[in-house]
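Taking the working numbering, I'd label the letters of the sequence shown as residues 157 to 526.
A hint or two may mislead.
To be verified - In silico SDA-like pairs for lysine to any residue, Cα to Cα no more than 20 Å straight-line: (1) 229 - 295; (2) 237 - 472; (3) 265 - 170; (4) 265 - 221; (5) 265 - 228; (6) 170 - 371; (7) 229 - 240; (8) 170 - 295; (9) 237 - 296; (10) 265 - 245; (11) 237 - 216; (12) 436 - 516; (13) 229 - 250; (14) 436 - 519; (15) 229 - 170.
No lab work stands behind these hints, which were simulated from the structure alone.
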Amino acid sequence: MNRFARDTSAVTAKELRQLLRDPLSLALTIIFPILLIQIFVVIVTAFSAPSYNIAVVVSDLDGSSKSRSLVDKLTSSRLIKVTQLLQTEEQAYHAVESGAATGAVIIPKGFGIALLNNRSAFVILETDNSKITSSSLVQSAVSSSTQALLESTGVSLGASSVQVIQRPISGRPETGDMIVPGMLGMITILGAFDDIVNAITRERERGTFSRLVLTPTSILSIYSGKISATVVLNAIRTTLMLVIFVFTGLTIRGSVPLVYLTTTLIAVFTMSLGLLLSTKVTSSSTLTVLEIAITFPLFQLAGAIQAPELLASGGRAMAQILPWTYGNDALRRVIYLGVGFDAIAIDLLVLTVSSLVLLPIATLLSKRTI
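Using the sequences provided together with the hints, build the complete structure.
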């Protein structure tokens with residue numbers, strides 16, 4: 157075993173032994189983020205910042221004047237934004253499954269003829285219901301557009317109608333549990349931040365951090381050991397939450413190891429940021445306040461409570477630059493849609509690269525503050 161791996165293992169063992177000396181503190185360390193999330197969920201769900209720019213794709217298989225008119229109505233809707241016009245139903249389905257769109261509208265052949273003959277017609281709406289509120293808004297927009305089509309073309313409303321046949325492609329159980337992936341993501345974020353910041357401030361307040369740095373152990377090994385200890389705690393939290401999900405009726409459609417990989421990468425990025433902050437903020441009480449302060453915006457911006465598509469334009473822009481948003485999106489798609497590694501590779505890459513950028517900066521700043 158090389159020097160780096162040996163030193164990292166030694167610090168990891170030290171961190172875990174230190175936590176085991178105080179079982180009550182260890183229990184609170186694991187449970188506290190879960191309890192905190194439950195409290196904030198009740199508060200934050202009272203707030204909403206909707207915008208009307210939800211991505212929808214359309215596949216017009218009819219090509220008639222009536223179907224083109226419906227496409228125009230959908231395009232002018234204030235609730236949705238038609239991002240693509242596709243040739244086949246399979247392409248439309250894939251757009252929703254891959255996360256490129258929240259909904260797909262398929263206009264079947266014979267749509268125009270049915271309306272011209274004052275018969276009932278239908279359209280197919282495929283939605284990703286794991287995106288909580290946005291899928292309901294898509295359904296409302298499509299229903300409003302079909303109604304507007306009937307009124308604008310002079311079709312007798314009593315003799316003809318357009319039925320919207322919805323095909324949700326979500327693994328979300330009928331009982332609800334709409335925000336559980338976001339809850340898991342936020343618990344991972346808060347738990348990792350609390351663990352790593354306390355690990356550093358605890359050393360500083362006891363006066364042992366400077367002595368630890370003066371040992372032959374490199375600062376990178378110290379940080380790696382502390383991160384490794386927190387990864388162990390994160391795995392325990394993830395296991396506990398998955399057990400809770402199963403008991404509440406949630407079906408996890410994707411790979412459980414992939415869920416663990418995603419929460420680990422979320423935790424590692426959070427810890428890298430926490431290490432960076434700990435070089436500037438040395439008081440544990442200040443860091444606790446900071447942790448609580450960032451919770452409210454993260455609930456909204458990182459897609460824990462609702463899809464980022466429902467945020468105002470400024471909020472969406474901020475969400476897109478937060479690596480946590482990509483982590484929560486990956487959890488949602490693995491748990492609800494059952495996608496594999498290839499489908500969330502970009503999300504995981506964003507988390508990994510962000511961690512690799514922050515950790516060396518935190519290490520460098522830490523050396524300057526010793």
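We went through each hint and held it up to the structure:
A hinted pair counts as satisfied when its Cα atoms are at most 20 Å apart, and residue 229 with residue 295 qualifies at roughly 14 Å. A distance of roughly 15 Å separates the Cα atoms of residue 237 and residue 472; the hinted pair therefore holds under the 20 Å criterion. Taking the CA atoms of residue 265 and residue 170, the gap is near 68 Å; set against the 20 Å cutoff, the hint is violated. Restraint check for residue 265 and residue 221: satisfied, since their Cα atoms lie roughly 12 Å apart, inside the 20 Å limit.
Of the pairs offered as hints, the one joining residue 265 and residue 228 holds, with about 17 Å between alpha carbons and a cut-off of 20 Å not exceeded. About 14 Å separates the Cα atoms of residue 170 and residue 371, which keeps this hinted pair within 20 Å; it holds. Between residue 229 and residue 240, the direct Cα distance comes to roughly 15 Å. Compliance with the 20 Å bound is thereby established for this hinted pair. Our distance criterion of 20 Å between C-alpha atoms is broken by residue 170 and residue 295, whose separation comes to about 55 Å.
The straight-line distance between the Cα atoms of residue 237 and residue 296 is roughly 13 Å, inside the 20 Å bound, and the hint therefore holds. Taking the CA atoms of residue 265 and residue 245, the gap is near 12 Å; set against the 20 Å cutoff, the hint holds. The hinted pair formed by residue 237 and residue 216 meets the criterion: a straight-line CA distance of about 16 Å does not exceed 20 Å. Restraint check for residue 436 and residue 516: the C-alpha separation of about 15 Å stays at or below 20 Å, so the hint holds.
For the hint linking residue 229 to residue 250, the alpha-carbon distance of about 23 Å lies beyond 20 Å, and the restraint is violated. In summary, the hint linking residue 436 to residue 519 is supported, as the alpha carbons are separated by about 12 Å, within the 20 Å threshold. For the hint pairing residue 229 with residue 170, the CA-to-CA distance comes to about 64 Å; that exceeds 20 Å, so the pair is violated.
Violation of the numbered hints given earlier is confined to hints 3, 8, 13 and 15; the remaining hints are satisfied by the structure.
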